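Those protein sequence lines, which keep their order, are chains A and B. In this text, residue positions in the first sequence follow this note's numbering: the first is 957, and each later residue adds one. In this text, residue positions in the second sequence follow this note's numbering: the first is 55, and each later residue adds one.
Simulated from the structure, these hints should not be mistaken for laboratory data. Be aware that a few hints might be false.
Some chain A residues near chain B, calculated using beta-carbon distances under 8 Å [claimed, not checked]:
id, residue
1, T1001
2, T1003
3, E1034
4, R1072
5, P1093
6, L1094
Calculated lysine-lysine pairs in the DSS-like style (CA-CA distance at most 25 Å, straight line) [unchecked claim]:
id, chain 1, residue 1, chain 2, residue 2
7, B, K239, B, K188
8, B, K190, B, K175
9, B, K239, A, K1220
10, B, K239, A, K1197
Predicted, not measured: the structure shown is a model, and the values here were computed from it. Glycine included, every Cβ here is placed at the ideal spot set by N, Cα and C.
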Amino acid sequence: MRATTHLEGGEMSKTTGSRAGLLGLFGALALTTILPMGTAAQGLTVTGYADFEANLKKLGSGNNELTYDTHHFNLILEGYVADDFFVSSEIEYEHGGDETAMEYAYLGYSGFKDIRIIAGKFLLPFGRFNLDLHPTPLNKIPGRPLGMSHVVPVGFNDQGVWIQGAKAINDDARFVFDVYTVDGLLGEDGGDIRDLRDNIGDGAEEIAGVGHDNDKAFGGRFGFELPFQGLDFGVSGYTGKYAVSESGKNLRINMVDLDAQYMKNDFSLRGEYVHASQDATGGDLTKSGGWLQAAYFVSPKVEPVIRYSFVNMDGKESDATRLAFGVSFHMSAAAIVRVAYMRNMEETGFKTDNDGIVTQFNVIF
Amino acid sequence: MNTLKKSGLAAGLLAMAALALPSHASAQRSGVEIWAVSCGRCHTIQPPNRYSAKDWISIMQHMTVAARLTDAQRDAVLAFLKQGARKVASAPQPQGPVPTAAAAPPLHPAALVQSSGDPEKTFESLCAACHGPKGKGDGPAAIAFNPKPADFTNPELWAGRTDADIGKWITEGVRMMPAFGQQLKPDQIKELASYVRSLSGVPAPKAEKIAS
């Protein structure tokens, strides 16, 4: 496995050929074509991460199931194009290549002081888990916490324009903000939010009863960070139309998220809470969820972690909580082995057969 | 919709307020401090020699977005990373205009020159983010390092080590620690080596001190 690979400007087209959402990359390629040689492409840097998991499920059922999963082999392409333009993309090969997707692909511009303008397909800056913490090398417990799946559909990405900025208040504090507009979630009236992510293509538009139109979704995150004190927190919002009912009423989904993080010496504490309200003909849906995670390095290479997460769906039968215990073994700066035990509890009764143990090996390359 | 419009208006006003805030130059924190703390908030620290300077230029574009750095912070981090970057034989140099960071001067030279004669200031600027203010290996960025930063207060660390060894580590880097040879003058390296050893309370034998 190579540590890094360079693809010069003339070779950039070899990396493309994927699907919609390549606006940023195409834009960058176009720039490299039309700009004079003096400002030609500087090349792409290819990095990425990969992980393999052994999942032992249905503990306590007397019929344990062991499955293997090459969960991710994701290539991250990052390129400085010219002047203040740059491109970034993540090509995702999941589950042994059974699922291939473009996690993000955007063209960025950093010509304004402390401001980045991004156009293309990007992970929405909604909370911290979606944008920053869900990649496996960063996620201390394999899998998504409850609430980061059926309330926030991590990985939550879309196409549009994103303006991001940071303002230093003093040497140690900064105010950060993200505002964006995107096509928006699209799907069935009252549909599961994970299905609403599939908003690209005619099929999705037919299901929603409406295509993407001028009624764009928008949102943002505002945060305050004290990185040298290990503290940051933020508030995020999202609003957008996701369907039109049979009676012609626009159906919207609105979400608010609060996130916070504290790190001190070998200890880290992170948490996030999200609340969503979704219009639906059969009755509006209200959902909430969240997670709280604490981790501590007991030695330079061993980091136990505990994570509590919950989701309150509209209807108690779907409510659930999960307690997960794990240990990360940091083999090197680029390789981690994680072992985690997850204990799930649902309102319909305590179930032992969906508890499980996940062993994960992941690398950054 | 009224609520939504109000929310949108509030978001817009907040964004405008943020844009209107006076921008702090943020030149007092060194690139190594910002690198260690900002990168370590999400992932294990990757040492500067993991990638070439050209790679870092590309990587830092996206990482500036991910870490939400100001331009001054980005420039300081990139200047630091490029100085410790992996050397690539016959690697083509970037052509044409490059980002501001690529042309950034060495790591805050003014601050370093002023620190001459005061190794404690140099230590605070370059070492404390990882090794901690007292050198115990417990700086704010220590959580993101593997292996962890050394505890300078441990006398066993210095057993069999000369000040010349310490000076060489500072100059050339060791394990995860980047090289600071390009950012420090020889007398600053000598002062810093003595200061770092002094944190353990174990003085170096005279014969082992770096020759003047």
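Hints and how they fare:
1. T1001: Holds - the Cβ of A:T1001 comes within 8 Å of chain B, reaching about 4 Å at its closest.
2. T1003: holds, 7 Å
3. E1034: holds, 4 Å
4. R1072: holds, 5 Å
5. P1093: holds, 6 Å
6. L1094: holds, 5 Å
7. B:K239 - B:K188: holds, 23 Å
8. B:K190 - B:K175: holds, 17 Å
9. B:K239 - A:K1220: This hinted pair is violated, its Cα atoms lying about 33 Å apart.
10. B:K239 - A:K1197: violated, 61 Å
The structure does not agree with the numbered hints 9 and 10 stated previously, though it agrees with the rest.
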